[in-house]
Amino acid sequence: KAGVTQTPRYLIKTRGQQVTLSCSPISGHRSVSWYQQTPGQGLQFLFEYFSETQRNKGNFPGRFSGRQFSNSRSEMNVSTLELGDSALYLCASSSKPPSGRRGDQETQYFGPGTRLLVL
Amino acid sequence: GESVGLHLPTLSVQEGDNSIINCAYSNSASDYFIWYKQESGKGPQFIIDIRSNMDKRQGQRVTVLLNKTVKHLSLQIAATQPGDSAVYFCAETKANFGNEKLTFGTGTRLTIIP
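Going down the list, the sequences are from chains A and B.
Last residue of the first sequence: 706 in the working numbering, with the numbers rising by one and none dropped.
Last residue of the second sequence: 109 in the working numbering, with the numbers rising by one and none dropped.
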């Protein structure tokens, strides 16, 4: 079974531009979460989608948005890029719905990430 | 605010030796903890998890210890191999919450010396 794929893997943008990142979850997984990873802040939750609906949102400004398609693929968009948006953006897919108690084992599988550099 | 932190940012271990990576957490309400491994150019990979009703859990060559009294978590890797070189970080949450409540540590870089 193929893993989580993210495109593009690397991206360079300038301040003020906007960017769209794509994530294809593991086949059969309907939940997709997005995270930002930086050296200073570590991994931080952006949002989670399930069945084309945003179910949870982290503490990020409205410039960060996302969506999920009927095939569970997800995109995230960052508008009006700032230097501080430079980070590794990770998506993770899961077969577990957002609500409900976790099972015996973590079911979230991460993709390799998209490294975004804002100049 | 609540945070999850790591005692050491880097750790070098001779191949074949055991390694211990530590993590301190501050949210006493957390009852579910996860260790991840992140290799260069890859996303985090689940290693092992533990619930607060346990003190110890073992996997293949890995053991996680939880000390709720001092809010401390550790990951022990036995008989380290070159493939164990990576960044390891812990995460905490409450088991009945979703990913929005996951709080991650910043990571410890483990280097295995051949």
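There's no promise every hint is true.
Taking lysine to aspartate or glutamate pairs in the EDC-like style, the calculated list, with each CA pair at most 20 angstroms apart, reads [what the hints assert, rightly or not]:
{"no.": "1", "chain 1": "B", "residue 1": "K37", "chain 2": "B", "residue 2": "D79"}
{"no.": "2", "chain 1": "B", "residue 1": "K63", "chain 2": "B", "residue 2": "E10"}
{"no.": "3", "chain 1": "B", "residue 1": "K89", "chain 2": "B", "residue 2": "D50"}
{"no.": "4", "chain 1": "B", "residue 1": "K66", "chain 2": "B", "residue 2": "D50"}
{"no.": "5", "chain 1": "A", "residue 1": "K683", "chain 2": "B", "residue 2": "E95"}
{"no.": "6", "chain 1": "A", "residue 1": "K683", "chain 2": "A", "residue 2": "E639"}
{"no.": "7", "chain 1": "A", "residue 1": "K644", "chain 2": "B", "residue 2": "D50"}
{"no.": "8", "chain 1": "A", "residue 1": "K683", "chain 2": "B", "residue 2": "D26"}
{"no.": "9", "chain 1": "B", "residue 1": "K63", "chain 2": "B", "residue 2": "D79"}
Quick list of the computed label-pair ranges, beta carbon to beta carbon [what the hints assert, rightly or not]:
{"no.": "10", "chain 1": "B", "residue 1": "T106", "chain 2": "A", "residue 2": "F647", "range": "40 to 50 angstroms"}
{"no.": "11", "chain 1": "B", "residue 1": "N13", "chain 2": "A", "residue 2": "L670", "range": "18 to 28 angstroms"}
{"no.": "12", "chain 1": "A", "residue 1": "N658", "chain 2": "B", "residue 2": "K63", "range": "37 to 47 angstroms"}
{"no.": "13", "chain 1": "B", "residue 1": "A74", "chain 2": "A", "residue 2": "L706", "range": "37 to 47 angstroms"}
{"no.": "14", "chain 1": "B", "residue 1": "N48", "chain 2": "A", "residue 2": "K644", "range": "27 to 37 angstroms"}
{"no.": "15", "chain 1": "A", "residue 1": "G590", "chain 2": "B", "residue 2": "A74", "range": "24 to 34 angstroms"}
{"no.": "16", "chain 1": "A", "residue 1": "S682", "chain 2": "B", "residue 2": "A24", "range": "21 to 31 angstroms"}
{"no.": "17", "chain 1": "B", "residue 1": "Q71", "chain 2": "A", "residue 2": "S657", "range": "39 to 49 angstroms"}
{"no.": "18", "chain 1": "B", "residue 1": "A24", "chain 2": "A", "residue 2": "N646", "range": "32 to 42 angstroms"}
By construction, these hints were calculated from the structure, which means they are not laboratory data.
Remember, it's a predicted structure, so these values are computed and weren't measured experimentally.
Backbone N, C-alpha and C define an ideal beta-carbon position, used for all residues, glycine too.
Next item on the list: Evaluate the given range 37 to 47 angstroms for the C-beta pair formed by A74(B) and L706(A).
Entry: holds (44 angstroms)
Check: Hey, K683(A) versus E95(B), does the alpha-carbon distance stay inside 20 angstroms?
Finding: Answer holds: K683(A) to E95(B) is near 14 angstroms, not above 20 angstroms.
Next item on the list: Would you check the hint for K683(A) and D26(B), treating anything up to 20 angstroms between C-alpha atoms as holding?
Entry: holds (19 angstroms)
Checklist line | Satisfaction of hint between D79(B) and K63(B), Cα-Cα up to 20 angstroms | finding: This hinted pair is violated, its Cα atoms lying about 27 angstroms apart.
Notebook entry, point to check: Quick one, are K89(B) and D50(B) close enough, alpha carbons at most 20 angstroms?
Noted result: This hinted pair holds, its Cα atoms lying about 16 angstroms apart.
Notebook entry, point to check: Do the beta carbons of A24(B) and N646(A) sit within 32 to 42 angstroms of each other?
Noted result: violated (18 angstroms)
Notebook entry, point to check: Are K37(B) and D79(B) close enough, with their CA atoms no more than 20 angstroms apart?
Noted result: holds (14 angstroms)
Next item on the list: Using the Cβ atoms, figure out if T106(B) sits within 40 to 50 angstroms of F647(A).
Entry: At roughly 33 angstroms between Cβ atoms, F647(A) and T106(B) fall outside 40 to 50 angstroms, so the hint is violated.
Notebook entry, point to check: Do the alpha carbons of K66(B) and D50(B) lie within 20 angstroms of each other, as the hint requires?
Noted result: holds (11 angstroms)
Notebook entry, point to check: Taking only the CA atoms, is the gap from K644(A) to D50(B) under or equal to 20 angstroms?
Noted result: At roughly 32 angstroms apart (the allowed maximum being 20 angstroms), D50(B) and K644(A) break the hint.
Note to self: Please check whether N13(B) and L670(A) have a Cβ separation lying inside 18 to 28 angstroms.
What the structure shows: Since the Cβ atoms of N13(B) and L670(A) sit about 42 angstroms apart, the hinted range of 18 to 28 angstroms is violated.
Notebook entry, point to check: Is the hinted pair K683(A) and E639(A) satisfied, with a Cα-Cα distance of at most 20 angstroms?
Noted result: Between K683(A) and E639(A) the Cα gap is close to 15 angstroms, so the pair holds against 20 angstroms.
Hints 2, 7, 9, 10, 11 and 18 from the list above are not met by this structure, while the remaining hints are.
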